[in-house]
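Peer 1: Residue-level listing of the chains:
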Amino acid sequence: MTPVAKANIDKASTNAAKQTVIDTVEDASTTPDIGQPWSELGLKADEYERIREILDRRPTIAELAMYSVMWSEHCSYKSSKVHLAQFSENTTDEMNEKLLVGIGENAGVVDIGDGWAVTFKVESHNHPSYVEPYQGAATGVGGIVRDIMSMGARPIAVMDSLRFGAIDHPDTLRVLPGIVAGVGGYGNCLGLPNIGGEVVFDSCYQGNPLVNALSVGKMRIEDIHLAKASGVGNKVVLFGAKTGGDGIGGVSVLASETFDADGPAKRPAVQVGDPFAEKVLIECCLDLYAAHVVDGIQDLGGAGLSCATSELASNGDGGMRVWLDRVPLRDASLRVEEILMSESQERMMAVVEPARLEEFMAITKRWDVEATVVGEVTDGKHLEVFWGDELIIDVPPRSVAHEGPIYNRPMNRPAYLDALQASVPDDLARPGDGEGFKAALLALMASPNLCDKSWITGQYDRYVMGNTALAMPDDSGVVRVDEETGRGVAISTDCNSRFAKLDPFAGAQLALAEAYRNVATAGAVPLAISDCLNFGSPEDPAVMWQFAEAVRGISAGCKTLGIPVTGGNVSLYNQTADVAIHPTPLVAVLGVMDDVARRTPSGWKIPGQVIYLLGTTADEFGGSAWTQVAHDHLGGMPPRVDLDAERRLGEILVNASRQGLVAAAHDLSEGGLAVALAEASLRNGVGARIWLDEVCGRDGVDAFTLLFSESAGRAIVAVPRSEQVRFTDLCTSRGFAHASIGVVEDEGRSLNVQGQFVLPLDELRTAHTSTLPAIFASR
Amino acid sequence: MGIVVVDVMLKSEILDPQGQAVAGALPRLGFNQFTDVRQGKRFVLTVEGEVTDQVLAAAREAAETMLSNPVIEDVVSVRAESQAVMSQAAESQAAESQA
Amino acid sequence: MRIGVVTFPGSLDDHDAHRAVRVAGGEPVSLWHGDDSLRHVDAVVLPGGFSYGDYLRAGAIARFAPVMSALIPAAHGGLPVLGICNGFQILCESHLLPGAMIQNDHRTFICREQRLRVENATTAWTSDFATDDEITIVLKNQDGQYVADRHTLDELEGEGRVVFRYVVDGPQAHAAVKYDRFASRNPNGSYRDIAGVTNERGNVVGLMPHPEHAIEEGYGPSLDGLKFFTSVLKSVVNA
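Chains as they are written, first to last, in my numbering: chain A, 1 to 779; chain B, 780 to 878; chain C, 879 to 1117.
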């Protein structure tokens, strides 16, 4: 809440310290014309008018606070709704088959077979992480895990996708260690393995680091819970932590405001997390679900009680009555509006049948979790909130939670885009010989985006729960869901925002393709996606155009690939003054494996296995890692997208995995073939001997292009000699380009690209692993 | 209402990495005069009524059995804090957070 | 053979300890922190995690839980007890083992495969090993630096009560293939590279690394953790 808003509210409720003067519904009816601080709370004039129309009177202060926060960009998605509608519109029946719960709930749920359901989602917590890195990141993890829990699931893993400014900038030094410590600190204490993610450095994120947190959970299909309040007389129970002054107005103030160039001038109250409280809450909830005492359940996240009550009521079939004075408070001086907007962490709200209430309370008591009946479901149509006997909120919940404003903001292809796309990288000086290629590869492997991330990922527990079959730096995180059968899931989160800047439609599709490919590379069948769309200010028509294009790209891409969007998150206003971040449409793809023991690792181990390159290569350097590292250049067009080819490649990789035809598989992305070969060699410290001529001839490209171009739809695999024929048949039957380009070789302890260079693995490893510790470990 | 304040510090022979980190960071903010920093814990125990000798003895025992780990920490101080001093500190804190 | 695994609020690796006992051939029994009964088990595991959020100090509050009032005398009486990570911290706070754990000297959480040397193969939990065996299990913690005063350390060494030591001399397993910034030092600053110790009787063992994460092919660095649990099953039979 801005100081001005606070002061204005002070004027309306004259006693600032306690609720001696409350603005009731009755007051609102009898004093229609008093000035109200709707503008300071972030509402537009027409929105305020609409509220008056809906209520047929002026809103009370509490109602005004509720509408302002629920109609904020972060909660209502008002700028993005019209575009996001494409996701549902483009979902076919085939795609819906495996979807048990789709867009609109806390998280989507997919059927993974054998009666198992998996829920997953990725969410942003960007602005808070810039203000308070540790707590911002920690509460980001806490929030997404609660979303997963509230679907009835046991959370089983987390992933984090982080984007920072330039690696050597002082503010990156301020922000990165705190964010990493926060992600690790919260996730580790919850006992959730961190199985993957990304770390990207680009100066466009300098004032706007991105923290996108993913969580995945499992449950039996019959145990899915939804966030609705139905059944007249059912009790509404608030349980978990007490309510304090955390993040008041954080949602509407923080998320919908860009930072000015000097940094955050005000320090709004940031939420502080307690992972121990959430761990206890997880175990408590699972016991509640197992006892079947919960009818509906919602977690309290952005907009706190305002959101939980209005959403539960709106999704239900009756009304709801809540007594706000029953909410357990950590801080007795909080005013009514503050209680409603508080974002204190680790709180849940359940709808419980009266007959089951005692059992519910016994379970929460066992876990020492505070639980309070704060309301009940009514047969009316409204959400009524009381403070003692005073009615302070009386609203149709749908109008708050699901019928917020819808903006059709102006969009305009950015003025700079033609010139940017015309600035092709074709004339950038390229190394001409093997020694030059070697130097380029070393520079890439040492570059911030491609270097070894162990300094970061070593701060995350990947082993807890004992079900992690694959984790970073392999291509996707793989966790076992059923200990008896080995059934499990694979997840990857990806986005190349440089591609998206050059062409948001293609860039978004490339993000989808990359995540899809990564899941298939591990041997899992892609099933569904979640997305986290990070963009600049929607008030800038150029940004709005980028957003619309990205959504268009993802929804069309999902239709082609046959996998639905299950839900996701939009984070707008990621910009400092006039400079927006690159459009960053992050895509998380989830896939299923019958038996995760068969997952394909990314690095080879056994000498003599044959290395195949799948897919064809063209001269495609627009937005590539090489142009960034060697020339600090961004321009041209991103690589061509062929989702049909990605689908076929995926089928090959999954079938090869199932049939035991490949010992290792690694997808090609940033840095192209050279980087993929280097990574696969470093994974277990076993080198390879590579020959390029055949493919250069077949695809009509030179060695440099074959090594560093970033054409999509490609992967490398290591095939045992005994399986070569079966493997190549698999490719041929799908008409998919494939060529043997090398052999796994241990003797030289090097990556030997014949006729070009020999790169000792020691030298490669040193370049790869020195970058992060040199900057961050010495502090 | 009485207040007892207990201060616990790591034993001097134990390495204090947090204190060292703070000591390393202070010069970056222009504080060059501090040659060493050690970080400890401060507990504020509230009792109904006054802080008598028995209350102090109980506080010391609590400090030695639970609030500190004698293997690595010392209880460096157990003392009654005047009510006036505590309220003043609490008030100025509350005033700051309202601003 | 019934092996109890205690769950405190915030315990995390209790489920994994259950699995390890099961895979080794024992019957895992859940013990609740709030009950002062050990349910007639033959041995007890205090698992890893963040009991009570590591509030105050790691293990400082769990040590006073009702279950500990039954466990402490039983341990004095010879019941085999294994404290893993947070469990080790609880054993130290309860004074069942000497020393204490403070923050890793590099101040970050570290999760890695860790090579250890078994220096005492006579305890209830290490009898299936041979002295000087080197094993690779998982290390993951924030406050894993083992400290004790000189007298205590000398006593431990002198009486052969150091059970595990971090291997720091020379390349670790996989050091040649993965970057290992701890190749030439122990991973948390523990005095004398001590990773685990035992009491005088050899029935109570505590260690920071996690054997329960090295018991299943494909889900950990090795199967070296199994012998912890097979050892105690044998010692229970022989008791």
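Wrong hints could be hidden among the right ones.
Selected chain C positions facing chain A (in silico; Cβ < 8 Å) [what the hints assert, rightly or not]: (1) 927; (2) 942; (3) 987; (4) 988; (5) 990; (6) 1012; (7) 1016; (8) 1069; (9) 1094; (10) 1096; (11) 1098; (12) 1100.
Per label pair, the in silico range of CB-to-CB distance [claimed, not checked]: (13) 618/A <-> 1095/C: 48 to 56 Å; (14) 436/A <-> 799/B: 27 to 35 Å; (15) 1012/C <-> 831/B: 54 to 62 Å; (16) 357/A <-> 1012/C: 26 to 34 Å; (17) 908/C <-> 355/A: 43 to 51 Å; (18) 799/B <-> 660/A: 31 to 39 Å; (19) 784/B <-> 908/C: 39 to 47 Å.
Simulated from the structure, these hints should not be mistaken for lab results. Note that the structure is a prediction, hence the values are computed from the model and not measured. Just so it is clear, CB atoms sit at the ideal spot from N, CA and C, and this is done for glycine as well.
Peer 1: Hints first: check each against the structure and report whether it holds.
Peer 2: Hint check:
1. Among the interface hints, the one on residue 927/C holds; its C-beta lies about 6 Å from the nearest C-beta in chain A, closer than the 8 Å criterion.
2. The criterion of a C-beta within 8 Å of any C-beta in chain A is not met by residue 942/C, whose closest approach is roughly 15 Å, and the hint is violated.
3. Checking residue 987/C against chain A by beta carbon gives a least distance of about 5 Å; that is within 8 Å, so the hint holds.
4. At its closest, the beta carbon of residue 988/C sits 6 Å from a beta carbon of chain A; the interface hint therefore holds under the 8 Å criterion.
5. For residue 990/C, the interface hint holds, since its Cβ comes within 8 Å of a Cβ in chain A; the closest pair sits about 6 Å apart.
6. Proximity of residue 1012/C to chain A is violated relative to the hint, the smallest CB-CB distance being about 19 Å (cut-off 8 Å).
7. At its closest, the beta carbon of residue 1016/C sits 5 Å from a beta carbon of chain A; the interface hint therefore holds under the 8 Å criterion.
8. Interface restraint check for residue 1069/C: the shortest CB-CB distance to chain A comes to about 22 Å, outside 8 Å, so the restraint is violated.
9. For residue 1094/C, the interface hint holds, since its Cβ comes within 8 Å of a Cβ in chain A; the closest pair sits about 7 Å apart.
10. Evaluation of the residue 1096/C hint against chain A yields a held restraint, the C-beta minimum of about 6 Å falling below 8 Å.
11. Because the closest C-beta pair between residue 1098/C and chain A is about 7 Å apart, less than 8 Å, the hint holds.
12. Taking 8 Å as the C-beta contact cut-off toward chain A, the hint placing residue 1100/C at the interface is violated, the least distance being around 12 Å.
13. Distance hint check: the CB atoms of residue 618/A and residue 1095/C are about 42 Å apart, inconsistent with the given range 48 to 56 Å.
14. As the Cβ distance of residue 436/A to residue 799/B is approximately 45 Å, the hint placing it in 27 to 35 Å is violated.
15. Range check, residue 1012/C to residue 831/B: Cβ separation about 59 Å, and the 54 to 62 Å hint holds.
16. Between residue 357/A and residue 1012/C the Cβ separation comes to about 57 Å, which falls outside the hinted range of 26 to 34 Å.
17. In this structure the supplied range 43 to 51 Å is violated for residue 908/C paired with residue 355/A, their Cβ-Cβ distance being about 29 Å.
18. Taking the beta carbon of each, residue 799/B and residue 660/A are about 53 Å apart, not inside 31 to 39 Å as hinted.
19. A C-beta distance of roughly 41 Å is found between residue 784/B and residue 908/C, which places it inside the suggested range of 39 to 47 Å.
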